[in-house]
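Asks: As given, the protein sequences belong to chains A and B, one line each in that order. Note that the first sequence covers residues 4 to 398 in our numbering. Note that the second sequence covers residues 4 to 398 in our numbering.
If you are wondering where the hints come from, they were derived from the structure by calculation, not from laboratory data. Heads up, some of the hints might be wrong.
Identical chains share a label here; the pair holds if one copy fits it or two copies do between them.
[Said to hold, decoys possible] The list that follows gives simulated cross-link-like pairs (lysine-lysine, DSSO-like), each with its CA atoms no further than 30 Å apart:
#: 1; residue 1: 188; residue 2: 271
#: 2; residue 1: 274; residue 2: 230
#: 3; residue 1: 16; residue 2: 274
#: 4; residue 1: 159; residue 2: 326
#: 5; residue 1: 188; residue 2: 363
#: 6; residue 1: 271; residue 2: 16
#: 7; residue 1: 16; residue 2: 159
#: 8; residue 1: 188; residue 2: 267
#: 9; residue 1: 267; residue 2: 230
#: 10; residue 1: 159; residue 2: 267
#: 11; residue 1: 197; residue 2: 45
#: 12; residue 1: 188; residue 2: 326
#: 13; residue 1: 230; residue 2: 197
#: 14; residue 1: 163; residue 2: 326
#: 15; residue 1: 230; residue 2: 163
#: 16; residue 1: 274; residue 2: 45
#: 17; residue 1: 45; residue 2: 326
#: 18; residue 1: 267; residue 2: 45
#: 19; residue 1: 159; residue 2: 230
#: 20; residue 1: 274; residue 2: 159
#: 21; residue 1: 271; residue 2: 45
#: 22; residue 1: 34; residue 2: 188
#: 23; residue 1: 363; residue 2: 159
#: 24; residue 1: 188; residue 2: 230
#: 25; residue 1: 197; residue 2: 163
Everything numeric in this text was worked out from a predicted model, so none of it was measured.
What follows is each chain in one-letter form.
Protein chains: 2
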Amino acid sequence: MRNVAIVGTGHSKFGVRNDVSMQELAWEAVKQALEEANLEQKDIQYFVVGNVGMWSAEELPAVVVGEYCDLTPKGTMRVEAACATGSAAIRDAYQAIKAGEIDVALVVGVEQMSQSPNPQVIELIGRAGNYFWEFENFGLTFPGYYALYASAYMAKYGMKEEDLGSVAVKNHYYGARNPYAQFQKEITMEEYLKSKPVAQPLKLLDSSPITDGAAALILASEEVARKITDSPVWIVSQGVASGTANLSRRTDFTGIEASYVAAKEAYKRAKIDFSDAWRYFDVADVHDCFTIAEIMAYEDLGFAKRGEGHLMARNGETYIGGKIPVNVDGGLKAKGHPIGATGVSMAVSITRQLLYRAHKGTQADIRNGMGITHNVGGTGHYAYITIYSTRRPSS
Amino acid sequence: MRNVAIVGTGHSKFGVRNDVSMQELAWEAVKQALEEANLEQKDIQYFVVGNVGMWSAEELPAVVVGEYCDLTPKGTMRVEAACATGSAAIRDAYQAIKAGEIDVALVVGVEQMSQSPNPQVIELIGRAGNYFWEFENFGLTFPGYYALYASAYMAKYGMKEEDLGSVAVKNHYYGARNPYAQFQKEITMEEYLKSKPVAQPLKLLDSSPITDGAAALILASEEVARKITDSPVWIVSQGVASGTANLSRRTDFTGIEASYVAAKEAYKRAKIDFSDAWRYFDVADVHDCFTIAEIMAYEDLGFAKRGEGHLMARNGETYIGGKIPVNVDGGLKAKGHPIGATGVSMAVSITRQLLYRAHKGTQADIRNGMGITHNVGGTGHYAYITIYSTRRPSS
């Protein structure tokens with residue numbers, strides 16, 4: 004099959020973006036990606052829009068974004084995989100090129116969550132899972148779901164509040180150095196420990212924010228990529244899995260099964276040994292919608308043994324210079340989490356890391372030329388793992 | 004690239020289905036497809052769910068459907084292309100197999116429109132297009148959009164009400180013979196002419212209904228398809244295009260530009276000559292959300308010359324035995340239009356036609372072994388064309 008490369012990246016400022024419409028926000032990222040790839044809209048053969056959009060009244064976000072970005076009449080669709088929507092969009096374009104249907108595709112993830120004609124954002128996010136069963140019957144909401152995981156992990160492995168806090172402190176440390184981040188400020192452990200409870204044991208500073216933002220990628224087949232850039236970043240493999248819609252049916256609350264299944268698939272395709280996976284990657288972006296999610300990701304991805312993820316955080320092993328730098332763009336926690344854009348934003352961060360184009364103070368050491376993104380939808384209802392490399396995969 | 008075949012089809016009863024939940028409705032189609040392919044859930048490597056679902060409170064339809072159908076933890080996503088959502092779902096699975104990511108995929112399109120916690124279905128459909136501009140500012144709704152096309156076509160080509168009516172009469176004639184159809188009754192031209200106006204010149208009997216329904220396909224790579232069935236139906240090619248989000252920016256209202264662009268792409272890939280495209284196909288399903296849409300489709304697909312589509316309807320050339328049988332499953336008009344399922348339903352109908360498995364009284368004569376589906380999202384905001392054949396494409 005054909006190799007697929009990332010040849011352009013774009014990223015908007017994340018935060019409360021009431022200054023723009025959804026399509027204007029998307030254009031900020033699309034424009035940057037086109038300029039980076041030195042391409043024009045006519046060069047794009049297909050575009051896919053990642054947007055959850057329950058809170059946007061634009062029910063045809065792909066065509067509205069497409070027209071504003073002057074991509075009409077190119078083929079398009081909107082994809083959704085909850086908070087993993089951005090990665091699902093990448094998958095659609097990646098497969099279209101790998102399948103030989105097209106040679107150049109644009110991926111844009113966009114979400115406008117703070118500005119909405121029907122502003123029930125929190126309730127809508129709360130519905131993630133099986134709405135009619137768990138939300139309506141038991142009132143389980145999104146922070147509540149992750150609080151169950153945090154409580155179970157604490158009970159089983161003796162994790163302390165400070166272990167969760169160390170993730171928040173790290174991600175704010177790097178967010179403070181990312182000009183695109185929603186929260187460009189560091190926090191202290193004291194501030195963390197004093198922050199308001201959201202769903203015990205999770206506090207406000209364990210939680211990712213409500214964010215408006217967009218991110219874009221331009222993907223190309225190997226033949227075309229060679230003409231566009233001399234620094235392609237290849238998509239080596241993807242792994243994708245789903246989890247039970249009902250958390251009441253999950254057997255374990257100390258890891259996300261779908262993440263583990265998707266990671267194993269992606270690693271198998273990339274010939275990566277799970278037991279020391281961390282050795283392969285120079286940098287990783289993982290889905291820290293809550294701090295506990297990042298700690299579980301360390302284990303689900305094979306960066307730490309079961310029950311030792313919280314120590315990895317406590318010991319600072321995921322800072323730059325540590326065992327494996329994780330979320331050194333600030334992560335969902337500090338960079339922000341515009342759910343349709345997050346997966347694309349992760350890919351932008353990893354691509355720029357591998358090319359030594361990261362923001363000052365956030366550049367990891369690139370030795371093996373490989374990176375990974377881990378993007379979760381809902382509470383492990385969806386999981387997408389993508390592996391990137393500066394070295395051409397053998398196709 | 005690898006060839007991709009349809010190896011199983013499933014279809015639920017369309018209509019007002021308050022007797023089932025969305026996931027139960029999906030299972031009706033999935034179960035039938037699995038049985039037809041003689042496969043079990045464990046054999047499915049990936050599934051994609053086509054669902055627009057603005058009126059469903061299930062915000063993660065793919066995982067809810069996946070769990071109910073026992074497909075967890077297989078990878079999945081939800082795709083949306085307005086009323087072309089079903090075809091977008093087929094495209095996702097088709098590309099995944101063609102790209103070599105997987106060998107067997109399940110496609111399910113499902114929509115439950117009549118039963119809803121927030122039953123503003125009509126308003127939600129009305130929003131199709133650019134909500135903030137045309138819907139909020141001008142109050143343009145979906146029937147109004149197509150009424151503009153019907154008026155323009157009448158003015159330019161002298162189409163009569165009876166020409167529109169002849170499409171409704173034909174589709175109800177075949178719908179009466181399709182046990183899955185929402186309206187299993189014939190109508191007369193007199194009934195048509197007396198039916199209530201919806202948006203002049205369109206009447207109630209020009210309009211497709213609000214429908215609950217599901218349809219499913221199982222796709223497989225050539226190697227695997229050979230083991231599953233001795234009667235594969237191959238996907239020969241797809242064409243996909245988009246149109247301006249704002250109808251106020253369209254230059255012509257007598258055809259759907261996106262349909263024409265997508266058809267040309269699909270024909271080019273399949274080496275089909277546009278000027279006599281109808282000769283290649285034994286049967287077609289086109290997107291008759293309103294009768295005018297079917298007449299424009301005749302022309303956008305090259306079945307009739309510009310301005311002659313309404314004559315094709317009037318002269319009965321699209322009945323079985325005519326020039327090319329179109330919507331002999333009843334079409335959206337009589338079979339119903341559950342928007343996330345419609346594109347998959349079209350593929351099920353064409354597959355069964357090509358295999359001589361159509362319902363009694365609806366089987367077309369199959370000579371060339373080729374069929375086509377035309378699925379439009381919004382008012383030509385999306386267009387998906389898919390070509391099917393019983394003869395293996397040269398890959």
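Asks: Each hint needs a verdict: does it hold in this structure or not?
Replies: Status of the hints after comparison with the structure:
1. Taking the closest pair of Cα atoms, residue 188 and residue 271 never come within 30 Å of each other, the shortest separation being 39 Å inside a single copy and 55 Å across copies.
2. Taking the shortest Cα distances, residue 274 and residue 230 sit within 30 Å of each other both inside one copy (28 Å) and across copies (28 Å).
3. For a Cα distance limit of 30 Å, the shortest separation of residue 16 from residue 274 qualifies neither inside one copy, at 36 Å, nor across copies, at 46 Å.
4. Taking the shortest alpha-carbon separations for residue 159 and residue 326, only the intra-copy value of 24 Å comes in at or below 30 Å, while the best inter-copy value is 71 Å.
5. With identical chains, the CA atoms of residue 188 and residue 363 are at most 30 Å apart within one copy only, with a shortest distance of 15 Å there and 70 Å across copies.
6. For a Cα distance limit of 30 Å, the shortest separation of residue 271 from residue 16 qualifies neither inside one copy, at 35 Å, nor across copies, at 41 Å.
7. With identical chains, the CA atoms of residue 16 and residue 159 are never at most 30 Å apart, being 39 Å at best within one copy and 49 Å at best between copies.
8. Taking identical chains as interchangeable, the C-alpha atoms of residue 188 and residue 267 are never at most 30 Å apart, the minima being 35 Å within one chain and 53 Å between chains.
9. Taking CA atoms no more than 30 Å apart as the test, residue 267 paired with residue 230 passes between copies only; the shortest distance there is 27 Å, against 34 Å inside one copy.
10. In the homo-oligomer, the alpha carbons of residue 159 and residue 267 lie at most 30 Å apart inside one protomer (24 Å), although the nearest pairing across protomers, at 60 Å, exceeds that limit.
11. Within a single copy, residue 197 and residue 45 get their C-alpha atoms no closer than 53 Å, and across copies no closer than 49 Å, so neither meets the 30 Å cut-off.
12. Within a single copy, residue 188 and residue 326 get their C-alpha atoms as close as 24 Å, which meets the 30 Å cut-off; across copies the closest is 70 Å, which misses it.
13. Neither within a single protomer nor between protomers do residue 230 and residue 197 lie at most 30 Å apart by alpha-carbon distance, with minima of 54 Å and 62 Å respectively.
14. With identical chains, the CA atoms of residue 163 and residue 326 are at most 30 Å apart within one copy only, with a shortest distance of 21 Å there and 75 Å across copies.
15. Proximity of residue 230 to residue 163 under the C-alpha cut-off of 30 Å is found in neither arrangement, the shortest distances being 52 Å within a copy and 54 Å between copies.
16. Taking the closest pair of Cα atoms, residue 274 and residue 45 come within 30 Å of each other only across two copies (24 Å); inside a single copy the shortest separation is 37 Å, beyond that limit.
17. In this assembly of identical chains, residue 45 and residue 326 lie within 30 Å of each other by CA distance neither inside one copy nor across copies; the values are 44 Å within and 38 Å between.
18. For a Cα distance limit of 30 Å, the shortest separation of residue 267 from residue 45 across copies, 18 Å, qualifies, whereas the shortest one inside one copy, 38 Å, does not.
19. Taking CA atoms no more than 30 Å apart as the test, residue 159 paired with residue 230 passes in neither setting, with 53 Å inside one copy and 47 Å between copies.
20. In the homo-oligomer, the alpha carbons of residue 274 and residue 159 never lie at most 30 Å apart, since the shortest distance is 32 Å inside one protomer and 62 Å across protomers.
21. In this homomeric assembly, residue 271 and residue 45 come within 30 Å of each other (Cα to Cα) only across copies, at 19 Å, whereas the closest approach inside a single copy is 37 Å.
22. Proximity of residue 34 to residue 188 under the C-alpha cut-off of 30 Å is restricted to the intra-copy arrangement: shortest distance 27 Å within a copy versus 53 Å between copies.
23. For the homomeric pair residue 363 and residue 159, neither the shortest alpha-carbon distance inside one copy (39 Å) nor that between copies (62 Å) is at most 30 Å.
24. For the homomeric pair residue 188 and residue 230, neither the shortest alpha-carbon distance inside one copy (40 Å) nor that between copies (59 Å) is at most 30 Å.
25. Within a single copy, residue 197 and residue 163 get their C-alpha atoms as close as 15 Å, which meets the 30 Å cut-off; across copies the closest is 74 Å, which misses it.
Taken one by one, the earlier hints fail for this structure at numbers 1, 3, 6, 7, 8, 11, 13, 15, 17, 19, 20, 23 and 24, listed in ascending order.
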